[in-house]
Structure formats: structure tokens, C-alpha cells
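**Q** Listed below are the residues making up each chain.
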Amino acid sequence: DVKVTQSSRYLVKRTGEKVFLECVQDMDHENMFWYRQDPGLGLRLIYFSYDVKMKEKGDIPEGYSVSREKKERFSLILESASTNQTSMYLCASRPVQGHEQYFGPGTRLTVT
Amino acid sequence: DQQVKQNSPSLSVQEGRISILNCDYTNSMFDYFLWYKKYPAEGPTFLISISSIKDKNEDGRFTVFLNKSAKHLSLHIVPSQPGDSAVYFCAAGLYKFYFGSGTKLNVKP
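So the sequence lines, in the order shown, correspond to chains L and X.
Note that the first sequence ends on residue 112 in the working numbering; no numbers are left out.
Note that the second sequence ends on residue 109 in the working numbering; no numbers are left out.
Please note that the accuracy of each hint is not assured.
[To be verified] Cut-off 25 Å, straight-line C-alpha distance, at most; resulting in silico cross-link-like pairs (BS3-like, lysine-lysine):
id, chain 1, residue 1, chain 2, residue 2
1, X, 104, X, 5
2, L, 53, X, 96
3, L, 71, X, 96
[Claimed, not checked] Partner residues aside, some chain L positions facing chain X, computed with beta carbon under 7 Å:
id, residue
4, 42
5, 78
6, 95
Quick caveat, the hints were computed from the structure, so don't treat them as lab data.
Nothing here was measured: the structure is a model prediction, and the numbers come from that model.
Think of the CB as a built atom: it goes at the ideal place given N, C-alpha and C, for glycine as much as any other residue.
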């Protein structure tokens, strides 16, 4: 079974803090994704990576950065957290030959 | 502007009946379409998919229909079961996929 894990299920941070969200997948997938899920807006793509050290902006990259130093790990960084970044963050991975994405359980981030 | 829309935020169906979830998209270049199911406190899980060269794909109780001229796809669940109660997301795209806002399905016993 494909397993995608995220470092925290719940996280509370203060405005202005630097926040790291970690994602690890164990199926040697080339592609990895970060989404945020908000009510009424569905899942919106923040960043994705199709290989180690490669990254591409998604639809809402502002205020975020990412790091992919190893194939199995994809990190999302909030350089200076703001209250409008309070959301559910979902990581996913996908093999290069395939369309189906495998999601982690999500991190509920609250910025106060 | 959202490229994939699910206009019904919720749907309630009696156990044993058919559930029909709908999804519309705007980009005619999209060539692959997927449905995911999401339970509370879990990530979405893949349910069924269809490529643009087909108009129907069936997997057990789940069938996805694609109408390319209308840019519309639907998910049929027959018969519906209480365990099907979840949020359903449709997704469409090429190498990058866009998700709808989800439809919360409640199957009543």
C-alpha cells in the first residue's frame, strides 16, 4: 500500500512565525504536491515537484515556498505565517506513469 | 475562476437508491478525470477515473460518465450504502489537475 505521511495532524502557530510542513511518501513516486483545502473552494494547488530539487508553482504559491532535497520528502514552508494561511494542508504523491494521486491525512494549521 | 465546479455542496439519498454526483469543467483540453472520496480526518482516496477517449467507466457499484460536448461528468453510485457517506471531489486536467469544491453525500439507512 502506498503511504503518504505528514509530520503533524494539528498545528497552531503565531502570526509571523516560520512554519515547516513535512511530507514523506514510501512508494518512490516522482511527483509530489501540496494543496490547501478551504470550505467552498476545494483543493487548490500550492506547489508541485516532478523530481528532486525541481519545483513548479501551482495556482496559489504566494506566501509559500517548498523544498525537495530527497525523492521521498517534500516540505512546504510558510516564511512568515499569516492568519489567512489558516487551512487544511494536504500532501500527495503520484508516479510519473499515472494520474491517480495518493494523499496524506492532512495537517490542520491554525495561525493566530 | 474555478476550472472545475461541483455546484451541489450536499446530497442526501436513501440507502439502496442511486446517488448521482455532478461536476462541470471549463477547459476542453483536459484529458483525464478522476473522482476521490474523503472521510473526515483523512486525506482523499482515489475512487474511479475516466480518460477523454471514453464516455463511461464502471467499477462495481460506481460508474463515471463523461459528456465532452457539455464538459460535464457525473458519478453514479448504485446501490448507495451508508458507508458511502463522505465528501466526493472530482478532478480534471492534463499533467496538473484541478479539483472541484466537493459534494457531501449522506446516505440514510
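**Q** List in ascending order the numbers of the hints, as given earlier, that are violated by the structure.
**A** Checked against the structure, the hints that fail are numbers 5 and 6, while the rest are satisfied.
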